[in-house]
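Chains A and B are the protein sequences, given in the same order.
Just so you know, we're using the working numbering here: the first sequence kicks off at 58 and counts up by one.
Just so you know, we're using the working numbering here: the second sequence kicks off at -19 and counts up by one.
I should point out that these hints are in silico values taken from the structure, not numbers from a laboratory.
Just so you know, not all the hints are guaranteed correct.
With a straight-line Cα cutoff of 30 Å, these simulated DSS-like cross-link-like pairs (lysine-lysine) come out [what the hints assert, rightly or not]:
id	chain 1	residue 1	chain 2	residue 2
1	A	K84	B	K9
2	A	K157	B	K9
3	A	K145	B	K9
4	A	K145	A	K157
5	A	K84	A	K145
6	A	K84	A	K157
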Amino acid sequence: MIISLNHYLVLGAFLFCIGVAGVLTRKNAIIILASVELMLNAVNLTFIAFARHWGDATGQIFVFFSMVVAAAEVAVGLAIIVVLFRHKESINIDEVNLLKW
Amino acid sequence: MILHFLTQAVFWFLVILTVGSAIVVVFNKRILHSAFALLFTLCGVAGLYVFLSADFLAASQMLVYVGGILTLIIFGVFLTARMYNMSIPEQTHQRFLALLPVLGLGGIIFYVLNSAEWHLITPMVAPTTENLGKMLLTTYLVPFEVASMLLLAALIGAIRLARPRKEDHDD
């Protein structure tokens, strides 16, 4: 059996769904951040698979930029989590209802 | 023939490593185990990038994700380590309700994958680093500069946020 584009697409879909499940079910903000990274990785994998099978490096450029955004997102996200922990002594997202009324 | 078999074996090993450790990340109760399982997921994805002849991105995946983001996440776990002693429920109560959108999303994706007709050409196998460098400095120069500004802003913002303040009691 030859490894085709569909293998990568299905793998990316699986990874994305696992990431969505993590965001929806976990309460720890750090794990939610990790799940978001999983989703980003899944999409990156799909981009690169398409880039290869269309013989065009543009998809890889997109992945490059999405990596940059992911790095920025994690830096800011963890800073927010650290501040949150300093204020509330907890990173349980159920206790973070500052914006809810 | 033997090379073909080896390629298959490595590919499926990477797939199982990636998906298995991703499942551990999401469904394991211990935060630290999740963080370390993420290491194997990211490495597996980097290996798959090599399969897809994205050598530069495989290297930057190792540098940015494994070297940077994962380290940050593990730092975060340790900085908030008191979570361990507080015995809060680790998962929401609507775990089975959450299964619904996940399955729905998965169904939609697989439906699209099945029904779509990709017009493919023969895949390229050459390394793409040179291509990427040229494209980043010609066609995509402006997004490249914007990305660097974004990184700078995010760095400054993160430092500004996380820095302990003297008048922290006020707010």
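We went through each hint and held it up to the structure:
no., hint, verdict
1, A:K84 / B:K9, "11 Å, holds"
2, A:K157 / B:K9, "27 Å, holds"
3, A:K145 / B:K9, "22 Å, holds"
4, A:K145 / A:K157, "16 Å, holds"
5, A:K84 / A:K145, "15 Å, holds"
6, A:K84 / A:K157, "17 Å, holds"
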